[in-house]
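Asker: Here are the chains, one letter per residue:
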Amino acid sequence: MNANKIWAIARKDIGHYFSSPLGYVVLAVFFLVTGFFFALIVEQTRSASMVPVFQNTIIILLFITPMITMRLWSEEEKSGTAELLRTSPLTSWEIVLGKYLAVCVFFGAMLSATLVYLVIMVFAGNPDLGPVVANYVGYGLAAMSFFALGLLASTLSENQIVSAVITYGILLMLWVIGAAGGSVQGKLGDLLKYVSIFEHMDDFFKGVIDLSHFFYFASLIFLGLFFSVKVLESKRS
Amino acid sequence: MIEVKDLVKTYGDLAAVDHVTFSVPQGTILGLLGPNGAGKTTTMRVLTTSLAMNSGKVTVDGYDVADQPQEVRKRIGYLPEVPPIYGDMDVISYLKFVADIKDVAPAKKANRIGEVLEMLDLENMSRRLIGHLSLGYRQRVGLAQAILHDPDVLILDEPTRGLDPKQILEIRKLIKSLSGQKTIILSTHILPEVSSTCDDVVIIDQGKVVAADSVENLSQRLAGGKTLELEVKGPAVEIEKAFEKLEGVATVKGVGRESKGINKFEVTTDGSIEAREGLFHCVVKNKWVLYQLNPVGMSLEDVFLKLTTKESVS
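Those protein sequences? They're chains A and P, same order as listed.
Counted from 1, the first sequence has number 121 at position 121 by the working numbering; the numbering is strictly sequential.
Counted from 1, the second sequence has number 1025 at position 25 by the working numbering; the numbering is strictly sequential.
I should point out that these hints are in silico values taken from the structure, not numbers from a laboratory.
Take the hints with a grain of salt, since some may be wrong.
[As the list claims (entries may be wrong)] For each label pair, taking beta carbons as the anchor points, the in silico distance ranges come out as:
| no. | chain 1 | residue 1 | chain 2 | residue 2 | range |
| --- | --- | --- | --- | --- | --- |
| 1 | P | G1062 | A | V105 | 35 to 43 Å |
| 2 | P | G1062 | A | F63 | 51 to 59 Å |
| 3 | P | L1135 | A | V119 | 49 to 57 Å |
| 4 | P | G1114 | A | V25 | 32 to 40 Å |
| 5 | A | L118 | P | D1121 | 50 to 58 Å |
| 6 | P | G1114 | A | S234 | 37 to 45 Å |
| 7 | A | K235 | P | A1110 | 32 to 40 Å |
Note that the coordinates shown come from a computational prediction; the quantities given were computed from them, not determined experimentally.
Here a beta-carbon is modelled for each residue, glycine too, at the ideal position from N, C-alpha and C.
Please work from the sequences and hints to get the whole structure.
Answerer: Below, the structure is given as C-alpha cells:
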C-alpha cells in the first residue's frame, strides 16, 4: 500500500470539491446553520455550552453527507476516468482510502470553522472543555461513519443521484432504527437499538468518551470501506 | 511481447470475444480492425486488466493479466475510446496526478511532463482546464496520459478519433516513431491508418478473428491486376469459350447481364499486359462490342467489407 498514491488520489478529489460550486455551497450552508444554532442556543440558554449545537447539527450531517459522497465513485464511472484508475498500478484499497481521506479532509475544513464558536465561548464564558472535546470526537466519528457508507453507496451506481438516494436510505435507517428498537421487546429490540447511531452518540453528547462506542463506529467505517473495495473489484468482471 | 490465446469473454449468452488468438512481437504495431461491436474494445480492456476474461490466456511481457495484473499495469499505457480525463483539472495538474499513480520517479516528473507536452504540442494549453479544450486537444491529453510513464506497451483505442487531418498525420507520425522501442496495438475503423501505420493487422468480426497477417501480405494476397472485369455485348456462352482459349487467361466467369445483351465477365489472368490485349483483340475479331475492360483489385477496404459480411476470402 503506497501512501503517496493514496495521497495523490486524495489531493485530486479534494480539488474536485473546490472546482465546482458544490464544495463552497456545502461549506456555506454548514457554517450558516451551525452559526445560527450557536447564536440561537447561546442566546436562549445563556450558557457557554456547545453541546446543544452538536445535538442539533448532527441532522445536517445526515443531509450533507450524500451531497459530498455521491460523486466519489459515480463520477469516475460516468466520465470514463474509472478506466484510468483500473488500469494503473493502483490497488482498490489505495483508491478507496484516497477518496475516503479526501472527504474526511473536506469535513475537517468544515468542522474547523466551528472552532470560531469555541474561541468565542472561551473568551466570553467559562465553558467546560471536557464535554466539548467529547462532542467533537463523537461528531467526528459519526461523520466518518456516514462518509464510509456514502462512499460505498457511490460505488454502487454510475448515477450520482442514485448514489445519493441510497446514502439517504442507509443513514435514515441507522437513525430511525433505534425508535423501532424501542417498540420491540427482547433481544431483537436490543439489537436494533445497538445499531442505532443515537445510542452511541448519546454518551458523547453527554460529554462522556466511552471506548466501547468506538467499536461501533469503527465497524461502520470498516464495513463501508471494505465493501467499497469489494464492489470496485467486482466491476472488473 | 503480447500473447492472446483463446480469449473468451461473454455477457450472458452473447460471446463478445469468441476464442480470439493473436500475438504481437516486440517493437511492432498491430492494427485491430473491425466493425462496431466486433469486440475490439472488449479485447483491449482484457489486455489492460480493466476487464476479467471468462477463459483463455493473455500475457504481456510474460506476465499473465489474470495472475499478475499489477505487473501488467506497470508496463502498459492505455488510451480508451473515451479519453479518461478530468474536465475540472488543468492539463499539468492532470499529468502530475497521472505521474503519481503510475510510478513516475519524482525526480523525473517535471522533465517528463515537459517532454510529453512538447511531443503532443500541448505546451500552449498546459494551464487550460481540460474541460475547456477542444476534442482534438482532449484526445491529445488522453494520449499524453498513455505515454507519460514511458511504458513498453501502448494500447490505443481509436487514437485519431476527433482529430483534424493535420493532427491525424501528426499522431500517426508520432505512433510510427514510437514503434521499435514500444509494442503498440491500435484499433481503428480507418483502413488507411492500418496500411500506413501498422505492421500487422487482425480483423475481428462478431468476436472472432477473420483474418490475421502482415499488412503487406494481406494486401498482396488480394492485389489487383490479376482479375479483370469485362462488359461485352454478344452471345455469353461463345464469349466465355473464346476467352478461355486465350493465352494467359486462367478462369472466366460470367457474372450476369447488364441491359440490352451486354454480359459481364470476371476473368483472372496471369497479370500480363498481353493477356489484356488478347482479350481486347478477341472481342474485336469476333465483332462483339467491348463496353468495359477494368482491373479489379482488392484494397484493404474490400477485404474488410468482404470479410465482415461473411463472404470467404480465397
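Asker: Hint by hint, say whether it matches the structure.
Answerer: Hint-by-hint comparison with the structure:
A hinted range of 35 to 43 Å holds for the C-beta pair G1062/P and V105/A, which are about 41 Å apart. Between G1062/P and F63/A the beta carbons are some 53 Å apart, a value that agrees with the proposed interval 51 to 59 Å. Range check, L1135/P to V119/A: about 51 Å between beta-carbon atoms, so the 49 to 57 Å window is met. Between G1114/P and V25/A, the C-beta spacing of about 37 Å keeps the proposed range 32 to 40 Å intact.
For the pair L118/A and D1121/P, the supplied restraint of 50 to 58 Å holds, since their beta-carbon distance comes to about 54 Å. Between G1114/P and S234/A, the C-beta spacing of about 39 Å keeps the proposed range 37 to 45 Å intact. A C-beta distance of roughly 34 Å is found between K235/A and A1110/P, which places it inside the suggested range of 32 to 40 Å.
Going down the numbered hints, you'll see the structure goes against none, and every one checks out.
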